Every structure is written in structure tokens, then in C-alpha cells.
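Undergrad: With these hints in hand, go ahead and build the complete structure from the sequences.
Number of protein chains: 2
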Amino acid sequence: MVDYIGVERVQELVTHIGPARFMEALAAEIEHDYRRWGEFEKSPRHAVHSPVGVIELMPTSDGRLYSFKYVNGHPKNTAAGLLTVTAFGVLSDVETGYPLLLSEMTFTTALRTAAMSALAARRMARPNSRVMALIGNGAQSEFQAIAFNHMLGVRELRLYDTDSRATLKLERNLLKLGLHGLRIVRCSSTAEAVRGADIVTTVTADKRNAVILTPAMIEPGMHINAVGGDCPGKTELHPDILRRPDARVIVEFAPQCRIEGEIQQLEEGFPVTELSDVLSGAGVARASANEVTIFDSVGFALTDFSALRYLHRLNREQRVAAPAIDLVPELDDPKDLFGDLVRESSVTFQAPGAWSAPADIRRAADSRLGS
Amino acid sequence: MVDYIGVERVQELVTHIGPARFMEALAAEIEHDYRRWGEFEKSPRHAVHSPVGVIELMPTSDGRLYSFKYVNGHPKNTAAGLLTVTAFGVLSDVETGYPLLLSEMTFTTALRTAAMSALAARRMARPNSRVMALIGNGAQSEFQAIAFNHMLGVRELRLYDTDSRATLKLERNLLKLGLHGLRIVRCSSTAEAVRGADIVTTVTADKRNAVILTPAMIEPGMHINAVGGDCPGKTELHPDILRRPDARVIVEFAPQCRIEGEIQQLEEGFPVTELSDVLSGAGVARASANEVTIFDSVGFALTDFSALRYLHRLNREQRVAAPAIDLVPELDDPKDLFGDLVRESSVTFQAPGAWSAPADIRRAADSRLGS
Numbered sequence: 011m012v013d014y015i016g017v018e019r020v021q022e023l024v025t026h027i028g029p030a031r032f033m034e035a036l037a038a039e040i041e042h043d044y045r046r047w048g049e050f051e052k053s054p055r056h057a058v059h060s061p062v063g064v065i066e067l068m069p070t071s072d073g074r075l076y077s078f079k080y081v082n083g084h085p086k087n088t089a090a091g092l093l094t095v096t097a098f099g100v101l102s103d104v105e106t107g108y109p110l111l112l113s114e115m116t117f118t119t120a121l122r123t124a125a126m127s128a129l130a131a132r133r134m135a136r137p138n139s140r141v142m143a144l145i146g147n148g149a150q151s152e153f154q155a156i157a158f159n160h161m162l163g164v165r166e167l168r169l170y171d172t173d174s175r176a177t178l179k180l181e182r183n184l185l186k187l188g189l190h191g192l193r194i195v196r197c198s199s200t201a202e203a204v205r206g207a208d209i210v211t212t213v214t215a216d217k218r219n220a221v222i223l224t225p226a227m228i229e230p231g232m233h234i235n236a237v238g239g240d241c242p243g244k245t246e247l248h249p250d251i252l253r254r255p256d257a258r259v260i261v262e263f264a265p266q267c268r269i270e271g272e273i274q275q276l277e278e279g280f281p282v283t284e285l286s287d288v289l290s291g292a293g294v295a296r297a298s299a300n301e302v303t304i305f306d307s308v309g310f311a312l313t314d315f316s317a318l319r320y321l322h323r324l325n326r327e328q329r330v331a332a333p334a335i336d337l338v339p340e341l342d343d344p345k346d347l348f349g350d351l352v353r354e355s356s357v358t359f360q361a362p363g364a365w366s367a368p369a370d371i372r373r374a375a376d377s378r379l380g381s
Numbered sequence: 011m012v013d014y015i016g017v018e019r020v021q022e023l024v025t026h027i028g029p030a031r032f033m034e035a036l037a038a039e040i041e042h043d044y045r046r047w048g049e050f051e052k053s054p055r056h057a058v059h060s061p062v063g064v065i066e067l068m069p070t071s072d073g074r075l076y077s078f079k080y081v082n083g084h085p086k087n088t089a090a091g092l093l094t095v096t097a098f099g100v101l102s103d104v105e106t107g108y109p110l111l112l113s114e115m116t117f118t119t120a121l122r123t124a125a126m127s128a129l130a131a132r133r134m135a136r137p138n139s140r141v142m143a144l145i146g147n148g149a150q151s152e153f154q155a156i157a158f159n160h161m162l163g164v165r166e167l168r169l170y171d172t173d174s175r176a177t178l179k180l181e182r183n184l185l186k187l188g189l190h191g192l193r194i195v196r197c198s199s200t201a202e203a204v205r206g207a208d209i210v211t212t213v214t215a216d217k218r219n220a221v222i223l224t225p226a227m228i229e230p231g232m233h234i235n236a237v238g239g240d241c242p243g244k245t246e247l248h249p250d251i252l253r254r255p256d257a258r259v260i261v262e263f264a265p266q267c268r269i270e271g272e273i274q275q276l277e278e279g280f281p282v283t284e285l286s287d288v289l290s291g292a293g294v295a296r297a298s299a300n301e302v303t304i305f306d307s308v309g310f311a312l313t314d315f316s317a318l319r320y321l322h323r324l325n326r327e328q329r330v331a332a333p334a335i336d337l338v339p340e341l342d343d344p345k346d347l348f349g350d351l352v353r354e355s356s357v358t359f360q361a362p363g364a365w366s367a368p369a370d371i372r373r374a375a376d377s378r379l380g381s
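Just so you know, the protein sequences line up as chains A and B, in that order.
Residues in the first sequence are numbered consecutively from 11, following our numbering.
Residues in the second sequence are numbered consecutively from 11, following our numbering.
Just so you know, these hints were derived from the structure itself, not from any lab.
This one's a predicted model, so the numbers in the text were calculated from it and none came from an experiment.
Treat the hints with care, since some could be wrong.
Claimed, not checked - For each label pair, taking beta carbons as the anchor points, the in silico distance ranges come out as:
no. : chain 1 : residue 1 : chain 2 : residue 2 : range
1   : A       : T172      : B       : V330      : 45 to 53 Å
2   : B       : E51       : A       : F280      : 28 to 36 Å
3   : A       : G279      : B       : E327      : 28 to 36 Å
4   : B       : E327      : A       : V62       : 23 to 31 Å
5   : A       : S53       : B       : L276      : 21 to 29 Å
6   : B       : A90       : A       : I269      : 36 to 44 Å
7   : B       : A226      : A       : H42       : 55 to 63 Å
8   : B       : R353      : A       : A331      : 14 to 22 Å
9   : A       : R45       : B       : I269      : 32 to 40 Å
10  : A       : P242      : B       : G243      : 33 to 41 Å
Said to hold, decoys possible - Rough simulated footprint, nothing fancy, chain B against chain A, three-plus residues with beta-carbon under 8 Å:
no. : stretch
11  : 14-24
12  : 89-100
As the list claims (entries may be wrong) - Calculated lysine-lysine pairs in the BS3-like style (CA-CA distance at most 30 Å, straight line):
no. : chain 1 : residue 1 : chain 2 : residue 2
13  : B       : K52       : A       : K52
14  : B       : K52       : A       : K86
15  : B       : K186      : B       : K86
16  : A       : K86       : A       : K186
17  : A       : K52       : B       : K186
Note that CB positions come from ideal geometry on N, CA and C, so glycine has one too.
TA: As C-alpha cells, this is what we get:
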């Protein structure tokens, strides 16, 4: 049997531990894995694009465990009451090739994205960053708010979305949670939200080259957490922000980010630093209080690897029996696959006479056989 | 909810319809899809190799449906009582990106591989082929035997395996089924089994460049169904068989086959015909009764696409409620992902005080925050 974490189970697990602590612990797992970056087999994700969205597979392995995530991105889905992004993933044992865990990753992707944002910001934002602008108040926004409140100490959130109902929904959810002395300010434009912020988080969803942030909005010392631009033709930042002489761009995995990130707008050789170098100490996250730091996040397979391994452990640590599914056969004799497929009771059913194909197929076969 | 076909469900479905009819119907689905080859997005599979095996992802799409299969290959597994090959797959709706079906594919891969072999042989083998040598009597062998008996009219099977217990197991399973007037001959070597056969099927499992068939064994007019050589460094045929002037090599998808098939042993430009061309009439499967035809089968994503769509329909046609799993959340408001994650009952649990990180993490964060 393969461990199974469905929607209900992940709700149980996250509710039990609490989303803030879940993301804090997950960020520690992610940091641990990115520090051993060289051990992983890495490739840009496999994407199948259609006019309305994209379906992607994101595999990676450290030679002991293997994982992949399936994730879609369909901005128009919300109009039909469906999610823009859904995801699930599998963790496997490299030694046998057997899957260990199948898990939902719609919720988990939201959690790991925010955990990753906060992990990067802990290194990249100025110390004592307390004010964050949150542009885009959709499905990802609560997770960013909680992670930055809990892990960075953000105490003022400045909200803006073109859809004011999304902002009200975010505000309602945050008030219900009662985060650490958090002040929430509803703003009437991106410019108003960004003005004076220490950190600017963009989590918008349109699949196009948008200009959510313009060069004029950016102030020295800001940290920009650019999450929403994450596939070809989908960006949020004016390219001149990236080209500022005082800007420093950090990415997850440069070859993938050059295809999918904000830097897809720039020349191939544009200098970036990979987060793994920052975490290991080989790279610089911020050289001065006046630099503009940009985390050009697109989501990378290794982050999902960390999330699946963390979920697998968390799920097993719970005392109650972990749910499982019969995704892989368990045979007495591994060379006798067939013997396990057709059940004994079928032997009579499968007597010679019952094997005839439907008449039309039979006729085609007979003519082929010359009989 | 996502439809779910686990081991138990696929056993039910195949037992109900019977493996021979299942493979016949599946072959018709596969033929239908290969005839519209140009509509599919195709890529060689994504493989992660380790010293003991390989884990692969095989995606494809026709712009309406999307599918991928996860499959491993670990020949040493049988020594530990595990399967060499396990697999599962997903069928999705391109319009929304939502998964429609998660299905086991360990059994299904065995079924689709044999269906594909028989489909190709119906075009490639001489009419009235009645005698088949079956080299390698492991997990795939019963499926090949049944498919060729049912779809080609094979009436004599000549069996050989280095492991005589595997041959006994195959014979036992076939006798139990009572196939159409099938004569079974146990042979003491590959050469003995192959001598005088119309069709030679090789389904061995070693992950190395083996020479199961030598040039001296091959007789004019034979059809070789080469199934076991299916990844880099894993082949079954001596390359001189492929180089015979009277040989014709048919493959599923040339770019993948040049990496994984028997033709990996030959120069890049070696001429091959894709099966889709044979099925559509654009290519020739066999020009004369004396040609040696070789189906260099490695398994391609499109065949799994056909199998998943067929299973999805079959599963839904059954009157009993089809099993399903909660792999994707169903939300009242698709922008309110968070509101559905943390359950109402947790609001008290998640009061501010309960949100503190463990002391050590808190200390690290505090020092980072300069407090």
C-alpha cells in the first residue's frame, strides 16, 4: 500500500500543527535541502501549454528519494468556480522505484510557496522589516501574510487587489486568525500599498506580461518577493526594476527561471544568484541597506521534494493509522503478475468460449488471418 | 473527487471483461490514437537513472486530454520479492488542468504492452503466423501469449527462460486459462525455441546489453517482437540482426527509440519506420514474405494515453459507483483556498499564543530580527 494524503488528511495535519508552524518547519526542511543543492538531479519542469493554461511535471531526486509534482495553472478557472492552481505529488524510493506517498499538493503548494518566500526574505530583506505590501489577494495571499508575520515579524500589511472582494476575503481570514499584533491597511492602488513598504510581495494570477510594479514605485532598500510571474509570458515586474544598478536578483534554479521568471524579459546572461548559494554562504543576499533585493520565485521541484518528505514524516508521526491506497500490487511471486490480475473466480468465466471478441472485431481479425 | 482505479478495481474490471477482450479493445483504442499521431504533443520520457534502476515520467496530450505515466524499472527487485516494473498514471482535462483519473498501471502497462505488440504484429507478421517463440517467461509473458493467441491466431507457443520456474509458472497460468487450441512446448534454449517460429517475442528483463537473439537464429520471414530492450544500456538483439539487408525496423516514436530501443546500438541515421505511418497506410509494414520484420518496442506515452482513456470509460460504464479519492479540493470560493484548509474548530487552537515557534527557531528568528 502507498501512503495517501488527500484533501481531508492535509486539512487534519495542518489544522493540528497550525499553518504558521507548518510553514516554519517546512522552511527548515527546504533550507536543509537547498544547502545540499549539488546532490540533486535538476531539470526545468516539463510543461504542456494550451491557450488557456499549462500542465507541468516537476521531478527531482537526491539519489535516495525521488519526487515529482503535477501542477496546472489556469487563470480562467476561477470564473467557473475552479482553482487556478491544483497539484499533487509523489515521493518514491530510488532503491526500488516504488512510490511511498501520494499526496495532494494544492494546499501544500500554497504552504511551500509562502514558506520559501519567507525563507528567502529572512536573508534578503533588511533586518527589522515590519511593513509588507501584498499585491494580489487571491488564493496564495493568506499564506504569504501568515508566513511573513510569523517568520519575519511583519506587523503591517498593506493590501491591494483589482478585485476588492478578494481583499475583503483576505482581511476576514486574517482577522479571524488574530495574528501577532498585525495591522491591516486596505489600499486603493498598488502604488499606495507599496509606498513606504519594507517588503513588496506580488502574487497576481493573470497569464500575461503584466506590469504590476513600475520603476517609479520602488524605493531604495525594498525587498521584492515576486511570486506571481512563473511561466513564459507571465510576468509582474517592469524589466527596468530588475536592471536597476542597485538591484540584486536571487532565483531558485537559474535555467528554469530564465524560461519562466521575471528575468525571461532580460538577456540570457543577466547576472543572478541562486538561493542555494545564499543559504550555503557562498553568495550574498544583500550587500547594503539601500540595495533593492528581488526574489524571482517561480517554484522549483526541490521545494516540493522537501514538502513531500516533510508531509510523509508528519503523516506517519501521527498516532492514528495513516490512510493508504492500493496503487501498487503486492504479489507472492513478483514474476507472476498475471496470476494476481485475473481472479480465481474468473477461470470459469474465462473459459474458451467466453473469449471471443465482438463479432465486428472478430470478422476483421478473421479476414486478416485469411480464415 | 478524482476517479480512482487501484489494484482491486483493475482486477475487477479485467476479470469482468476478460484479459483477451480487454487487450483487443485496447488495441483498437491505441490504433485509433496512433492514426492521429500528428495531433499529439510528443517528447522522449524524462528518466532518472540510478545504479539499480530507472524512474520515468511519460507525458503526452492531444490538446483535449493530457496524460502521464510514472513507471520504474528495477530488475533486481524480484530478488527481494518486489516487481521489476510498477506504474501508475493520470488522465487530465486540458481545459481546466484538473485530473480526471488516477489509475494503477502496473497491470495496465502489462496489458497495453501486449496489446501494442499484437497490434503491430497484425500488420508486420506474415499472414497465418501460427508459431511463436516466447523468450523470457516473467511478468509480461502471459499477456503476450494471450494477446497473440487471441488477436493473431497463434496456436503454438515455444517457451524458454533461463529460470525454469518462470516457464513452469507461465505454463501453469496458460493451462488454467484453456486458450483456443494452444499447444505449449517447453524448450531448453533460445535457439531451440526460435527454430521454425513465425514470430519471436523477447521479453527479458536484465538491465544490460544482452544478446538474447543472435544472427544465426533468425530465419527469413520471421517477425521479431522485441519488447525487453527498453532503456539505455538494455538491449536484447545482436545489432547484425537489425542490419540484415532484408530487415525492416518499425518503432513507436523514433527520437525516444534511438535512445532506448534496440537501435541505440546503431548509427543515428539508421532508417526506421514509425508505427503510426504503418497504421495510417503511409508506411510499409512488410514488403514480402521473406522480409525479417522487427518491432523495436520501448513503450511510448501515447499508448498509455489510450489505456488511461479506455480505463476511464470502462470504469464509468460499470453500474456500480466508481471509487474516487479527494486529491483536489472543491471550494465554494476558489480564491479562498486558505479558508478551506484550516478548519473552523482550529480557530481557538490557533489563537495568537499557540502560534509561537519552538524556542530554538524563535531564538534564531529573534536574533535575525535584531530583537
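Undergrad: Taking the earlier hints as the rules, which of them does this structure contradict?
TA: Violated hints (numbers, rising): 3 and 17; every other hint is consistent with the structure.
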